[in-house]
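Novice: Below are the chains, spelled out letter by letter.
Number of protein chains: 2
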Amino acid sequence: MHSYRRRGFQHERDLARKLWDHGFAVMRAPASGSKAKYTKYPDLVAIMDRHIFAFEVKTVYREKTIYISAVQVEKLREFIKRAGGQGYIAVKVIGESRWRFIPLNQLEETTGGNYKVPKELIDKGLRIRDLVSMVKGDRRITEYMGNKNS
Amino acid sequence: MHSYRRRGFQHERDLARKLWDHGFAVMRAPASGSKAKYTKYPDLVAIMDRHIFAFEVKTVYREKTIYISAVQVEKLREFIKRAGGQGYIAVKVIGESRWRFIPLNQLEETTGGNYKVPKELIDKGLRIRDLVSMVKGDRRITEYMGNKNS
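As given, the protein sequences belong to chains A and U, one line each in that order. Be aware that the first sequence starts at 52, since it is given in the working numbering, and climbs by one per residue. Be aware that the second sequence starts at 52, since it is given in the working numbering, and climbs by one per residue.
Since the hints were derived computationally from the structure, they do not count as laboratory data. Each hint should be verified, as a subset may be incorrect.
Identical chains share a label here; the pair holds if one copy fits it or two copies do between them.
[What the hints assert, rightly or not] BS3-like mimics (lysine-lysine), calculated; alpha carbons at most 25 Å apart, straight line:
no., residue 1, residue 2
1, K187, K91
2, K187, K115
3, K143, K109
4, K132, K187
5, K109, K170
6, K91, K69
7, K175, K143
8, K187, K126
9, K132, K109
10, K170, K132
Here the structure is a predicted model, which means the values were calculated and not measured.
With the rest of the complex left out, here is chain A (with noise of 0.2 Å):
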């Protein structure tokens, strides 16, 4: 568990590091313990001229569907409503360097009351250069995937 979890925040820094790269300000959440149950941190935030992303980073040995609880879910949803962001499941599949970025919107409820990522929407994911055109304002996210809410 604890090697895990170990995994988990190497692969958040490597997108912090991407991010960053690309030209966005980026603060990762710290480790997250018995103190911070109080507090609605996403797991990473980044930021470019006042548009704000928010993500749950998912790691995954391979394409599949991808379960979120609803805690998790409302987190980022009450996170994103303060800020007045954008929320999305940033998903890394193992051997792949590329990330894929879900929009919150597009997550399926499961019939226990949390939420999936059904594995056909990872590969229509967004990369971080959409992230970026979005930015710049020559994209909007409409253009990319269905947004089922409207």
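Since the structure of chain A is provided, determine the placement of chain U on it from the hints.
Specialist: Structure of chain U alone, referenced to chain A:
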């Protein structure tokens, strides 16, 4: 040293909690270790409605001139330049519950190329409610403190 840093984190958590209670989305930086030395995190970032405030946190036992390294100031400047926000030194005087925020451009350079917050400036620092007022747009920062660089 270890317990001193631990106490520092407690104060950061206190500030994070207060900003959260005032409606901000808040991120604290991870505890910095050698692995984090290439990343440029402020101690704390608070965001409301796309207004971004980045803080370096300083704790003192009484009101006195506070020294800040050039490295810390540059780190904060780079972050706010990318994010499009404002930078502050967040000062906590032990034993007082209030926090005071000194805008980055109010810092004075030392002869050694570092920076300081003169003692008399601490008392003029902004409060959390002043940050909220700036977000709500009913007041501007220049109504609180003169801007030396403009």
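Novice: Which hints from the list above does the structure break, by number from lowest to highest?
Specialist: 2, 10
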